[in-house]
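Student: Sequence:
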Amino acid sequence: MSEGTMQRRAQRDQHDQRAKRLVRALVCAGAVPVVLVAAGCSSDSGSDDGKDKASSASASASASPSPTVRAAAYKTLPESCKVLSKKTLEDLVPKAESGKEGKSDDVSTRASCSWSSLDNNGVKGSQFRWLNVSLLRFESDVTRGAGDELAEEYYGKQVRDAQAAEGARKTEAEPLAGTGDEATAVRYELKKKEGTFKQQTVVARVENVVVTLDYNGAGLAGDKTPSADDLMKDAKKAAAEAVAAVTEENGEGAGAGAGEPSGSPSKSASASASKAASKASDEG
1 MSEGTMQRRA
11 QRDQHDQRAK
21 RLVRALVCAG
31 AVPVVLVAAG
41 CSSDSGSDDG
51 KDKASSASAS
61 ASASPSPTVR
71 AAAYKTLPES
81 CKVLSKKTLE
91 DLVPKAESGK
101 EGKSDDVSTR
111 ASCSWSSLDN
121 NGVKGSQFRW
131 LNVSLLRFES
141 DVTRGAGDEL
151 AEEYYGKQVR
161 DAQAAEGARK
171 TEAEPLAGTG
181 DEATAVRYEL
191 KKKEGTFKQQ
201 TVVARVENVV
211 VTLDYNGAGL
221 AGDKTPSADD
231 LMKDAKKAAA
241 EAVAAVTEEN
251 GEGAGAGAGE
261 PSGSPSKSAS
271 ASASKAASKA
281 SDEG
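The sequence shown begins at 1 in the working numbering and counts up by one.
Possibly wrong hints are sitting among the right ones.
Said to hold, decoys possible - Per label pair, the in silico range of CB-to-CB distance: (1) GLY251 <-> ALA221: 44 to 50 Å; (2) VAL142 <-> ARG110: 18 to 24 Å; (3) ARG169 <-> LYS233: 31 to 37 Å.
To be clear, the hints were calculated from the coordinates, so they are not data collected in a lab. Keep in mind that this is a model prediction, so the values were computed, not measured. All C-beta atoms in this analysis are idealised placements derived from N, C-alpha and C, irrespective of residue type, glycine included.
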């Protein structure tokens, strides 16, 4: 092989090597966009999946029902100093002047009125009477519960408090039928330096309202102690009248509202309260 032939072959091999390197470079350069495109598609796909998941979670949350609670039947309270008739007040507190209304930030949920009577008989002593009516209405609340259930809890507490009054003697309690949805009468004696006070407490619940009536009497300065039975009879009559006033104030159409309906505000309770008040008035 001549020297010229060898030189040409070497040049050809060198050219072939440069061509191969160029081809590899072009192939690599062409592969980069493919990889980038693939990566871009992969990234878009992940983004769409995230959006789909977020949309699905949002739709699921929107589909979940909001918390609800049974609507309270009664929306307001009567004027506390007008829940008892003039005749009832004359019977229970004959020497009383106008009732004293209790302080309240919202009389539609909490109200009270009290009367005091002192029948002075001079040297024969005097008869003292004190009467108080308290009204408390509970609204339904999604965190605390339905209004009537809250009222039922408070009703039980009021009865227990009356039975556990400090200094009380000869405590007795009895359930009352026909006064609201449930009612209890508690009686006891309190010994004071002025005399023996006969305390009568009637706690009644009608729908989401609790009525607490306190009535006590005493014979002062030597006058005779009043009969507990007579005082209790008057207290029951007045309590039934106060419950009827609450029902009448709200009307038979009360109770409709948002959330699970509670139905009419116990027409049976309304009828029984009015019937009880009428019956007690006749007995009086």
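Student: Could you tell me which of the numbered hints above are not met by this structure, giving the numbers in increasing order?
Tutor: 3
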